[in-house]
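Chains as they are written, first to last, in this note's numbering: chain A, 1 to 113; chain B, 1001 to 1117.
Heads up, a few of these hints could be off.
Claimed, not checked - Just the calculated beta-carbon pair ranges, DEER-fashion: (1) T77/A / K1071/B: 36 to 44 Å; (2) T1015/B / A53/A: 26 to 34 Å; (3) K1053/B / G62/A: 37 to 45 Å; (4) T5/A / I1060/B: 40 to 48 Å.
To be verified - Using 25 Å as the maximum straight-line C-alpha spacing, the simulated DSS-like pairs for lysine-lysine come out as follows: (5) K1071/B / K1018/B; (6) K1018/B / K49/A; (7) K1018/B / K1057/B; (8) K42/A / K1013/B; (9) K58/A / K68/A; (10) K1071/B / K1057/B; (11) K1018/B / K1055/B; (12) K42/A / K1053/B.
What the hints assert, rightly or not - With the Cβ distance kept under 7 Å, some of the chain B side facing chain A (calculated, not the full set): (13) L1043; (14) V1105; (15) F1108; (16) A1110; (17) G1111.
In short, the hints are calculated from the structure, not lab data. The beta carbon of each residue, even a glycine, is placed where N, CA and C say it ideally should be.
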Amino acid sequence: AQSVTQLDSHVSVSEGTPVLLRCNYSSSYSPSLFWYVQHPNKGLQLLLKYTSAATLVKGINGFEAEFKKSETSFHLTKPSAHMSDAAEYFCVVSEPGANNLFFGTGTRLTVIP
Amino acid sequence: DVKVTQSSRYLVKRTGEKVFLECVQDMDHENMFWYRQDPGLGLRLIYFSYDVKMKEKGDIPEGYSVSREKKERFSLILESASTNQTSMYLCASTPRSKSYSGANVLTFGAGSRLTVL
C-alpha cells in the first residue's frame, strides 16, 4: 500500500535562509514521487518529479529533492527562500503502472521578510 | 494556455440541492480525477475515470457520483448537498500511465470552492 507523510504541517523561515520540507513515503514497489506547490487561490503546479533516474531531482524556482530509499524519504529543499515561495506544498507518491496518486496532507510555508 | 477548466470558481448552494461541478480538459488525456481539499487533510480522491464511461471510486466517494460521457469532460455530482460537503474541489487529468513508468504528472484546474448552507 502506498502512503505519504509530511512531517510538518507548517514551516516558517526568514527570507534568504534555507528551506527544508520533509516527506516520508511508504510503497511496496519503486515509487514515483512528486512535489506540487499551491499558491493562494491557485491550482496545484508540479515542482519536480522522481521516477528512478537520478536520486537528486531539480525542479522549478530553485527547489530540489533527494530520493533516499534507505530512509524512505523525499525531502524538498531550497538554499535561499524568497517571498514568492510562500505557499502550500504537497508530497505525492505513485507506484509503477498506477493511474492513481496519493497526496500528503501538505506543508504550509511562510516566508518572513 | 488553459488546459483544465472548471466551470465554476465559487458556488453557494443550500442543503438538499443537486450540484454539478464540470471539468473540461483539452489535452486528450485518458485519466481524469476529482479531489476535495480540506485544511489539514490535504487532497482526498473522490472518483477517477480512466476512460469514457469508466469510473473508479476513490477514498471518499460517499455522497458523490460522476459522469464521463466524453473524453474531455468529467462531471462531479452531489445528488443532495450537505453542509459537510463544503470544500474546495479540484479536477485534474493525466495521460494513461504506461506499465512500470509510474503515474504521469497531474494537470490541475483552478478549483471550485463550494459552500453549502
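Query raised in the report: Of the hints given before, which are not true for this structure?
Result: Violated: hints 2, 4, 6 and 12.
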